[in-house]
Each structure stands twice: as structure tokens, then as C-alpha cells.
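Protein sequence lines, in the order shown, are assigned to chains C, L, U and B.
full-length UniProt numbering applies: residue 1 is where the first sequence begins, and numbers increase by one.
full-length UniProt numbering applies: residue 1 is where the second sequence begins, and numbers increase by one.
full-length UniProt numbering applies: residue 1 is where the third sequence begins, and numbers increase by one.
full-length UniProt numbering applies: residue 1 is where the fourth sequence begins, and numbers increase by one.
Keep in mind the hints are simulated off the structure, nothing from the lab.
Fair warning: there could be bad hints in the mix.
Heads up, the list lumps identical chains together, so a pair's fine if it works in one copy or across two of them.
As the list claims (entries may be wrong) - With a cut-off of at most 25 Å between alpha-carbon atoms, the simulated SDA-like pairs for lysine to any residue come out as follows:
id	residue 1	residue 2
1	K308	A57
2	K308	I336
3	K308	I229
4	K308	L59
5	K308	L207
6	K308	R231
7	K308	R165
8	K308	E298
9	K308	Q69
10	K308	A395
Protein chains: 4
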Amino acid sequence: MATVRGFPHDVIGMRRALHRFPECGFLEYRTAACVAERLAELGYDLRIGPEVMRADAMLAPPTAAAIAQAQQAALDMGAGPEWIARMPEGQTAVVADMRRGAGPVTALRFDIDALPVAEAESDAHRPFREGFASIRPGRMHACGHDGHTAIGLAVAAALASPESRWRGTLRLIFQPAEEGGRGALPLVEAGVVDDVDLFFAGHLGCLLPSGQVATAANGFLWAVKQDVIFRGAPAHAAMAPQLGRNALLAAAAAALGLHAMPRDGDGVTHVNVGTVRAGTARNVIADHAVIEMEYRGETEEILASLAKRVDDIVQGAARMQDVAVETIPCGRSIGIAPDREAMRRVAEAAGRIGVGSVVEEWPIGGGDDATYFMRRVRERGGHAGYCLIGADLSAGHHAGTFDFDEAALPVAVRLFTALVEGA
Amino acid sequence: MATVRGFPHDVIGMRRALHRFPECGFLEYRTAACVAERLAELGYDLRIGPEVMRADAMLAPPTAAAIAQAQQAALDMGAGPEWIARMPEGQTAVVADMRRGAGPVTALRFDIDALPVAEAESDAHRPFREGFASIRPGRMHACGHDGHTAIGLAVAAALASPESRWRGTLRLIFQPAEEGGRGALPLVEAGVVDDVDLFFAGHLGCLLPSGQVATAANGFLWAVKQDVIFRGAPAHAAMAPQLGRNALLAAAAAALGLHAMPRDGDGVTHVNVGTVRAGTARNVIADHAVIEMEYRGETEEILASLAKRVDDIVQGAARMQDVAVETIPCGRSIGIAPDREAMRRVAEAAGRIGVGSVVEEWPIGGGDDATYFMRRVRERGGHAGYCLIGADLSAGHHAGTFDFDEAALPVAVRLFTALVEGA
Amino acid sequence: MATVRGFPHDVIGMRRALHRFPECGFLEYRTAACVAERLAELGYDLRIGPEVMRADAMLAPPTAAAIAQAQQAALDMGAGPEWIARMPEGQTAVVADMRRGAGPVTALRFDIDALPVAEAESDAHRPFREGFASIRPGRMHACGHDGHTAIGLAVAAALASPESRWRGTLRLIFQPAEEGGRGALPLVEAGVVDDVDLFFAGHLGCLLPSGQVATAANGFLWAVKQDVIFRGAPAHAAMAPQLGRNALLAAAAAALGLHAMPRDGDGVTHVNVGTVRAGTARNVIADHAVIEMEYRGETEEILASLAKRVDDIVQGAARMQDVAVETIPCGRSIGIAPDREAMRRVAEAAGRIGVGSVVEEWPIGGGDDATYFMRRVRERGGHAGYCLIGADLSAGHHAGTFDFDEAALPVAVRLFTALVEGA
Amino acid sequence: MATVRGFPHDVIGMRRALHRFPECGFLEYRTAACVAERLAELGYDLRIGPEVMRADAMLAPPTAAAIAQAQQAALDMGAGPEWIARMPEGQTAVVADMRRGAGPVTALRFDIDALPVAEAESDAHRPFREGFASIRPGRMHACGHDGHTAIGLAVAAALASPESRWRGTLRLIFQPAEEGGRGALPLVEAGVVDDVDLFFAGHLGCLLPSGQVATAANGFLWAVKQDVIFRGAPAHAAMAPQLGRNALLAAAAAALGLHAMPRDGDGVTHVNVGTVRAGTARNVIADHAVIEMEYRGETEEILASLAKRVDDIVQGAARMQDVAVETIPCGRSIGIAPDREAMRRVAEAAGRIGVGSVVEEWPIGGGDDATYFMRRVRERGGHAGYCLIGADLSAGHHAGTFDFDEAALPVAVRLFTALVEGA
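This is chain C alone, in the form it adopts within the complex (with noise of 0.2 Å):
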């Protein structure tokens, strides 16, 4: 069997190693085959790709030519082929089970995408000056999906080992694309969850200061995540400029009007345009642009007037120019909060494990697509929760500055470790 080179076994060293090279939504090949061979290695049954992944559910899936290179980007590091050919079209998800008699099924979910950021190279940043910074140019770790992989599988060696105590089935669920909400759902369509009793997933940072864990995070925002491609003309920028229809000044006059919807006084919203790409040339009217996009709402009718408000703005900045539009479904993710029962079981374990301040609930701000795995292990008469496990930032969660405290890794392994061994 082919080895991921030099793969630590500290949660620290894990974090690190994985921060260095980071990978984005359904691209992440090495992270996958450095999960699964360390799960394989610990005993876990192991489930991947298409196994456990609805292709059909998998929204934006990357083009094969990102995936090839993905693909091989893993093996130069190291990656076993082996696991590479086990998810072929960007389904990086793998699922490892552990059983132990009878008892309920409990599933903890860990995500391990990075994203399209640039780190920041400045002495001041400490993965810079440590020497584990991104080497993979414009994409970063850059909010926390490093640790909570790497306290996913410190949380499966400590849980494997003959001392830990717990009954019945684990699963661990090492989920991609949880960035612009993607990933969940394909787990969630294949049934992943659906005999699952209790279900616990978490997050680091989210301005919980280190030492402290929430029970809760809650303001899971309704979002959607969308690309509007506009389509005009191209023409000659001086000898001919009438001809052209113009898509940049369209998906200018877009942007703007995004940024620009209102408030809404029942309940919080956001909205963004991350991106533009418009135009091919200086001097010939830009015929194209695509900018990707997102907005959330407080809850789902907040989310319906935006939908709405956002159609209008996309219809009248194209009728502006007289360009087509076109609006292509990337994410989606849903708002829920955690039930009693798994924050009662949270409070118990941070107890347990001896958090000295348990808060018990705390704003997430943005949203987390486990919101999908809760909402059906609910349905299917679970429970269901989200923790924060507190950690002091360097600069905000996708910031190219963003670090977070590594002592909260271990904190976060054991109260992982003690919800199992509670259930």
C-alpha cells in the first residue's frame, strides 16, 4: 500500500500538514486518501466516493479537467492511487464505520475543504513564519477545515483504542465542499445518515474565545449560492461601440444592486459577490461575465424575498444592457437549530472533560451545510446538534491572515472523544 508521505500522528502535526496543502470543494484527493489510509490503519470500515456520494445531488461539480489535476497533484504528494480510484468525478467523501455491540448510531461530521485564498506571506502569520503555510498559491486553509479534519481523525484513534468505552456504532463522516454548501447533501441523499440516533458536528473559532465551548451555535442562516452569467455582444470599443452589448456593465450594475437590497427587519441577511469575471480584451466590448454569488436569510421566507429581490436585480441589470442572463444553482444550505437533547449531551461532556466556561448558545454568523445531516437524522426521530469549540483567531475566518489557537485541537478531540463515549 502506497503511504502518504510523512503523515504525522499529532492532532498539531495533522493540522499543519494538512494546512500546507490545501484543496477546495470535491478536489480534495490528498486529504481524502491521508483520511481514509489513517482510517483504514485504525481498523474503521471504510466507505468512498460514489459509495457514499449522490453524483446527481452534487452541485457545481468540478470540470474533469480540475479533477485530473487534482487527481494527480494528490499522487505527486504522495497520495495511494488506490484510494484515488475510488472517487473519480470529485466525490472526496469518505465514511468510516466502527462497531462495538449493540447501541445507538452515533455520527460525528468533519469537514476538509479549504478555500480560494492567498495566504498571507508576512512574519506576522504565523503558518508563514512556522513554515506550514498553503505551497499551492490562491487557495488556503483559511477557516479551520485543517483542524477539524485533523481532530476527526485524532478523535477515530482515541476512540479506537481498547480503553475508550462506548457501545454501538460509530461513523465518521469526513464530508467535502462544505464551503459554499455542497458537500452534505450528496452524503445526505445516499442515506448516510439515515439510521443515525445522534449526530454532532462543530466548529472552531466563531469568535468563542479559547477555553470556552458553546452547546450550541445557533443563526444557521438559510443561503443560496448561485452564478449569474450574462450574455451580450462584443464589438469594436471605438470604431463601433454601439454594436456591442455590453455583459460587464451589466454584472457591474448587478453587483451594486445586490449589495444594495435591503435589510430586513425581521431577521438578519447577508449577500455577497465574491466574484467577477468579465470581458476578454481592453478595446472590444466585453460580450460575457459570470459572477458567483451568495445570500442567506435569517429564516426561509427571508430567504424567498431575497430570491426574489435577487431575480429582479440580475433581470433588470441585464435588461439594462440587453444581455441574456443566465443563473446556474452552486449550494444551497438551510437553517436549524440544535435540539435540546444534543445540547444537553454537549454541556454533559464539556462538563466532563473539564471546559471551564460552557456558554450555551452562540451566534455561527455564516452557515454550515451539516445543517442538511441534522435536518434528516431529525426527521428520522434523532437528535441532532452543533458545538463551538472555542479558539482565538489571528483575523477573521477567511481572511488570508486567519490562524487560529492549536490549543483548541485538543480540547476539541476530547469532547468529541466524551460525546461518543456518553451516548
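For this one, chain C is given, so just place chains L, U and B on it according to the hints.
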């Protein structure tokens, strides 16, 4: 000597062969190799690359990676490695001299570059229907420079023939990077036309119908090409958007503001934001945006007035988002009118070859950095002209459906030949 | 003594009489005259105009012409000239005291101003259908302050009755210009609440249903109201548009930019550009533009962060058009929470009068400059509350179809009466 | 007969008297009364108001209130009530005929309206310094029509003199509402020039220096003037902004979009959003916005192309905010060139009166709805010209500091007199 594979000899065949393999500014390696090889075969003395281009006058040269890729692509198409080797850093000009005793130095300029435009894939588009459409996605000869290059080679052959009667020195200048106004100045600065007595350039099409020749293009505009880079700060789009400084919205406001600059009661103006590239991820406040833009004016004064406004707009748009902004000069061209003596000679030559309809002046609408040659020649006491060869068009210059009536090609060949023979 | 013609005595009648004649901030001459006359009849000691308002604390006072016009309109409606004479420069506040021996000083605040909103002329709109709609085009009691004023007068009558049992000093404050946050501060600065032990204000509606009372409004936002004036240069729009400096486009870019300010992950924000007035003629480049705007934030820190962005946006928009810009402060309000003692008293009073449903806190959504009174009272050792009296609405506050369930009026009268009697 | 108080007889005096009392389109009551009274004194046969203007061809007539106010202001200035009575609904045209036997019908057109521009109050501005600046705030003769009117009256006096030698019929047309292109068509539709053999109009200034005359203005643009009304829904800007539909932002986006319309490679275009009026209150989502705009093109085809774009932009901007939009036509003018015979006569007359410098054609830059007269005269077999009388300017037309060299006035008087005497 390596041979450019299957390069034809007739002007229409040459045009189509060039059309299939479009190369953008300072990357015309295969085109230049074809040109050089043919001219060498015809007995011209060649100067290539750094011999005729001052690198320090090349605005916005391509990256080393782009150059390497273009060189390899040219080699793959059969370009002679000895030619490629002589054009190390994007200096893809070829200047060919032939001397027949004492007499004036007559220079003809032909531009060879293509555009980053996607060619139409439709049976209504002749190059596609007849199988000579671009084989390079996103690049296209959408302004007729394939025709210009073919004309230049055919003129070279005609004038090299012993039957052709002329005296003095003939200089053929195959210039890269006319689009964007970047290619002429490095040649001028290298002194390529310092000893020229008569200079001619020309253009196909420009809305002049097939069968006609214009003795002069007028309305050459002064132009500036520049990139504008906005640099802000990223942030999580939902957890803490207030921490971001949004470069994308700065670029959007700048694009709208630039296109909304006032017309000028004193003469023609044009402006185009041709491309925008902004942001990295959907759920991150965009911290980076680049726009490629140009602006043009009928006089140097109008250009200066626009320059002031452009600066105000990009500075103001940056201030609105509290982002930094930088402007990178990428090209310039100047306005100059063909002189009377040059016009007289074009009219005389057109009459000699039997052109039915000779118009005196015809608006070119855009610009051409041939004006830098024209100014230098005139400053040193020579005459400089710029004629138009009528060609019915299928669509406007720079459109993905651009094509021209190839019947114009032999007319142009005869006209330029006659200009030299009459000099 | 002159009599305000036909002003009724029942609370619904008073509300409707006030509704027909809406007066905007600092111009409530007829309203204040009605109030003063009635309170004088009831035996209150009155302080009016400059006696209770510091002119130098009045932001954005009306012009002398607007004041003269409002005074004349009030006189035409039968307002007593002796009252009008006491409010020379827009100081339209009336403060009424009644003393019954030793005891606490209890103050009630009622706001009296209307909005520049056009009232709906439709049979679906009860004030129109039943004949008490505004007779003043473009002005309307669209926020219920007509009800507040009527409640205040009915409370004044109830507490002036010999049967009403209370001790100490009662102070009724009829405040102008609550909209825009301009009216409270001049009263506070004049010391009107410096000796107050208990202070209460309240609001009808705010989405609280009829039959309910909220012991506290929460979510008072910090707010800034300001005008932004852009000054450019005019020019003939066709002969020489380039000579103009376009204040209208600066205002348009600023309006879009302001609405596009990011949400804040730390709390609620709001922004509104409520009006734009720009330019003078169709064929002249607009040399002048004025926008009336406001922004609000959940905390003082968020407000400060918005202030920085607002400044960047208006400065940047001005720079884009090379126009001058000036910001005129027009109002501020602060966020403060009702205190526990005040909430307890509202709950007790609501119980005493038999309100079926008492909720503890209810989001007010907007702001109310009653917060200035509340802060001053608390700074000097008193208690300050703000309650909501539920009233079903026909449309949102500030809409042209706004109306409220008048059954709430007697509830409010009993509640405020009970608050004083229980003090 | 009533007398217009103190109206002088010399051309400069008349110009200054008119300058002090500017009246905008269709409201020129005092101006028309002065004109009518003087022409009646001189013995001309007058037709006034509805006799020479078709009401149904008056675009965007003023409101009854504005007319009543203008009439009263004119009466207050001493205008004869008998004249005011003959112009009931804004029909402020005066057409005066004088007949001297058989011969051609020669018509001269003079425009009389002012602009809604605030006149500069600075000693650098001669009308202010010398005490003849506008006494009406916000209105100004900023295009020289005060001069045109004075010229017309002086020409009327000169040609009414027994010494003046001419035959046929002289028709003097004093036209209202030239600005905005509204005044000529109602006169043309009433048949005022149907029998005219020779028609002349003219303009002072237009960047032609003092002492020169241009035999023709060229570059008359086709133009459309229109208002665009956006209607949305109001809402409380903080409690429920999501319920609003924001007409102000629609207008802002439209204004930016309209100014950003592409230039046209086929000829001159212009666009201006001259005014925006939006919203009613700072804390209410603006439910109403009106923009006054115009666009112009060198040819009827360009105008049609712009019309399509304008419609797309206003419809698209409305869609972006989900507001209704309506376009109100407010004026049109057409492009037409003066004919050769008319030019010849201007050149001849200019020579006869000793003008030193006669240029053949001079760009007018803007438009003048005199073109409607010109087209009708030519359609019926006559000749029509438009000359320019050079006059140094202190600032561009329509600026608040506009003023012209009054030495041009007697030149213009002699030129028009000579045109009639030479007819």
C-alpha cells in the same frame, strides 16, 4: 532548415493558414517564424527580435510563462527553432530589407497580432463553415491582421521578383502587438524608420466597401491603455463582512463611472472597460480586482481632459470602498493625419492599378499605433501615409463573427506593390 | 381667548382631528396650539417654546419662510395667536406641570409630529373612506403620533380630575420633531427632565397586536441623520458637457454605494437615502445635488464603523465627479434599554388595568429620540421606561396607507394614567 | 393701453431689461407682453397665443398653477392685462406681420425663453456687477435668448421705418420654449410658416468669436426630451425596509446607466439626466422618483438606436427595484442643414453690412427646434437658413456665469435687417 508545415504561397491561402492559428500581442511566434522563413527564402535581409525592438519600450510585456507556452505552441506547429531562438522575450517583430541601388528608403508596415476573442462556431460564419476558423479557443484574428500579414508576404514576393521595377531600399516591417498600441513604439525607439523617406501602412475594411480605396484614414485618435488594480481586504461574507474592504465593488463603480464620463463638445471620445477580474470565492469579500481599460480622444487636449477624469473616477471609486488603487500603463497611441504627398501617391497608385473608386479620406474610427512610425518619419523629413483597402465585412471589427471579403487581398497586394514601384 | 375651531374632547375624535392636519417637525404650530389650549383649560402650568427648548440644540431647523407659512396655516385653522407668538422659531414644544403635594416627579413624553408622506386616497384606506384623511397634500400622520398626542391630552384630562389619586408632580411633555431625531435633545438640553424621578414614553403599533402591551421596547438603534450636498459646475449638456462637473451623478453613485454598505456581523445596521434633489434643467449638467440620509447601528461601535464608511462613500463619490461635498448633521439618536424598575411598573400598571397579554420585551425596529430623555433621567438617578401599546396596523409605519386600530387608544390612556397613579 | 413699465428702446437696454426678468418655457408672459406691445406700437398686425399655437402639439405644458403664477408675476411687472388675457394656457407666442405690396414672404424667428439656472452672484459676473442680473431666484437667461428677443424688437423697428427698403410680407415669430424643444412645433402645426418663402433663425455665441458671422450652423442634432417617473412603495427605513420598493435607487441606477450608454461610431451622441427628484423623507424608503432627461444623435438612425437603449435602461432599472416606470415625452427636435440658397443670402447680407469675417459653417453643438420651421418651409418649396452671430462669451451656454459680448447685438440687428431688405 526547419519548415513551417504546409504554409501556402497564395495570398488567400496564407491568410487562411494564419487565421487558423491566431496569436496575441508579443506572442506571435509561429506567425513571425512563418514570416521570417518566407522572407529569407525570398532573399531579404532580416533583422529580428531584439535587433529591432527596444525591450524597455515594450509596455505590458507577457509573462515568461506565457512566452514559453507560445514558443512551444509555435514549435509544435512546425516553426523553425532558429527563428524562435531569436525572439527571446516577446520581441516578435521581423524587419526585412532589400536594396536595389540608390534611391529612397520606402517602408511598409504590416501588423500581425490577433485578439483574445472567441471565434463564432456557426455555419453562418465562413471561416468555421470552410474549415479555417481558429483552432485556439478564445483567440481569433478578428481585426483582419491575418490578411495584413498575408498581404505583406505577397507584396514581398512581388517586389522580390526580377520583373518588378523599383530603385532604392525596400523595408518591410512586420509588427507585433498593434492591438493595445504596444508594438510600434519599441520598433520606433530602435530606430527602424529613422532613415525612411516614404512610409505606408494600411488597413482592410473599416466599413469601406469592397472595390474602393481611401487615400487616407482620418480620425486617428489619441489613446491610453491601462490596467487598474484595486486592493482591499478579504473577510467572511456572512460572519464579518464589515471587516472586508471590497475591491470588487470598487471596480464595479469604476466601470460604470468610466463609461459614464461625459462626451466632449470639442471632439470624439471613447472609453472601454474591456475586462474585470475580481475576487476569489463566493463567500469571501473580494480583496482584489483588476480592470483592463482604454480611453481615446480626438486631440491631445481631449485625451488630457479624459486622463484627469479617469484618475478622479478610479481614485474616487477606491475611496468609496477604502481600497488601494494602482494604475499600470499598458499602451498609448497618438493621433496624426496622413500627409498630402503620401495621399497623392496612394491616389496615383490606386489609379495605376485600376481601382474604380478612390475616396480621399475615410474615418478609421479607432486607432493604430502605426502613427508612431508616421510621426517619426515626418519628424525626420519623410512622408507618411495610411490608406484603407475597402473590404465588405460580415460583422464589425473585433466581433466573434468578423470576416472580410477576400477579394480585397489581391487589390491590397497590387496597391502596396504599386506604391513601391512608383516611389 | 381664541379657540381652536371644533377640536373634540374624546380620544378618537382628537386623534382624527389631528390626523386631518398633519404638521412636520418643528412646524407643529396648530397641533401645539391645540395642546396648549386644552392643557391650560385643564389647569396645567405651561412652559412653551424657548422656555423649554434650547435653540442651539435644534438640528436642521426649518427656514423662516417655512415657519411663517406653518404659523399662518395654524392661524387659518383657528389656532390662538397668543400660542403661536410663544413659539417664534420652530420651538413647538409644550411642557405642562401639575403638582399635588410632595412626591416623585413623573414625566410622560408624547410626540406630535407628522411625516412628509402622501396619504393614500383610496376607499381601502379608512382615514380616506371615513373622511379624516390629511387635508395637506404630501404630509401625513403615518407613524401614529396623532394617536400619541390624543392619548397625551386624554391622560392629561384623566389625571386632572379630582377623582384621580396621585401625589407629587406630573409633567407632560409634548415633543416636536421626533421623526429625524431632532426634537428631544433641545428639551433635554433645556433641563426639562433634570428633576424627573420616573420617565415613560411609548409607541402604538410596532407590529405588537391589539390587546397586548410590551413592558419595554428593545432594539433602540444608534442613529445619525444627515444631509449631503454635492456642488459641481453646470454646462450645456450637448455643446460642452465636458465642462460640467456632475453633482447628480455623484449623488446617484453615493446613493447606490450607501445602500451597498456591508451588513455587520456584530449587530443590526440600517441605512437609507430617503431623498435626492439634483439638477435644475434637462439640458444642463447638474451642478447641485442634496441627499437626505440616515444610518443606524445596534451599538455605538457599529455606528462609528458606519460613519467611517459613509464618509468614505460620499467623499469617493464626490471625487469621481470632481465635485465638492459637504455633510450637514440633521439629527442623532442613541440606543438605550428601558430599565428593570420601569419595566416592572409598566407590567404592574398593565395588570392593574386588565390588559390580557403583557409581553416583556418587543423589538421596536427603528429608533426614538425619547432615548435622550431616558439617558438624562438615568444619569441623574431616576428610572426611565418605554412601553409599546399593541395596535393592529393596516400597513407598515411610514406607508401612505398606514392606519392603526383605534381601540388601542383608550388602552393607552388607561395605561399611562395607571403609571402615574401607581408612581 | 397699459404700459410695460420702463421698457427701453435701444437693443442693449432691451436685452438688459429682459435679462432681469427671465421666464421659462410657455411661461414667458411678461416677455411676450413687452414684445406684443412694442410690435403693436410699430404697426405690425399681431396674432397671439391660441391663434398661432396648437395646444395639442404643446408637449409638457405647465400646470395651471404655474401659469397663474407667471401671469400674476407679469401683471405685477406692468404687463398689459389685454395681452395676458390672449395667452390663456401657456401659449406665449407672438407672430407679427407687416406687408409692403407683392413679394416673397420672409419670416424671422426669435426665441424668448429662459432657463431654470441660478444666476451667479459675483462681481466677476457682469450682469450682477452692473445690476441687471435676474431678480427671479433659480431662473436665468443663460443662453442669450434675452439678446435674441431684443434683436427681434430692434429689427422690427428698423424694418418698420419708412427708410427701410423691402417688398413683400415680413413675418416676425417670437417663439416660446425653445429650450427643451417644445415651442416650435405648436407654431408649425398651426401653419405659421406654411406660406413662407424665406425663413431665417439665428443664435448668438456658440463659441463663434465676436465680429464673425457664420452663414450656417451645422451639426443640428436629433433630440428627444422626456421625463421618466418611477413609482414604488414606501416603508419605514429601519422597521421594515424590505417592504419598500425603492424608486430612488431605480432612478440612481438609471441615471448612471444612461450616462454610460456607448458612444456611436457613426456619429455624435449626447445624453443628460438633468434633474432627479426622489423620495419624501429621510426615514422612508423612497416611493417616487422623477428624472428629466434628454438624448441627442447626429442622425435619425442614431436617435432611434439611442431610444432603444434608453428604454432598456429605464425598464431594467425599474425591474431591479420592482418599481413601475413611465416615460412622458416632453420635447423633440430634428436635425436639418441650412440650404445653400439661404447660406448664400446670409453671406451676401453679412458682406453688405461689412462683417469682417464670414465663415461658411460652424458647429452649433446642441440643437434648436427652429429646425421644425426649416423642414416645413423646405417641404413647401421655400428656403430656410440658420446663421450664427459671433459673440465672445464669459462662460459656456447654460452656465450660471454665462454672459455675451453685447457688441454682437447691433451686428445681429443689421444682419437680419439686411436679410429682409435683400430678400
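Now for the hints, and whether the structure bears them out:
1. Taking the closest pair of Cα atoms, K308 and A57 come within 25 Å of each other only inside a single copy of the chain (24 Å); across copies the shortest separation is 42 Å, beyond that limit.
2. For a Cα distance limit of 25 Å, the shortest separation of K308 from I336 inside one copy, 22 Å, qualifies, whereas the shortest one across copies, 35 Å, does not.
3. In this assembly of identical chains, the alpha carbons of K308 and I229 lie at most 25 Å apart whether taken from the same copy (18 Å) or from different copies (23 Å).
4. With identical chains, the CA atoms of K308 and L59 are at most 25 Å apart within one copy only, with a shortest distance of 21 Å there and 38 Å across copies.
5. For a Cα distance limit of 25 Å, the shortest separation of K308 from L207 across copies, 23 Å, qualifies, whereas the shortest one inside one copy, 32 Å, does not.
6. Proximity of K308 and R231 under a CA criterion of 25 Å is satisfied in both settings, with 21 Å inside one chain copy and 18 Å between copies.
7. For the homomeric pair K308 and R165, neither the shortest alpha-carbon distance inside one copy (52 Å) nor that between copies (56 Å) is at most 25 Å.
8. When the C-alpha separation of K308 and E298 is checked against a cutoff of 25 Å, the pair qualifies only within one copy, where the shortest distance is 16 Å, while the shortest distance between copies is 27 Å.
9. In this homomeric assembly, K308 and Q69 never come within 25 Å of each other (Cα to Cα): the closest approach is 38 Å inside a single copy and 45 Å across copies.
10. Proximity of K308 and A395 under a CA criterion of 25 Å is satisfied inter-copy only: 21 Å between copies versus 34 Å inside one chain copy.
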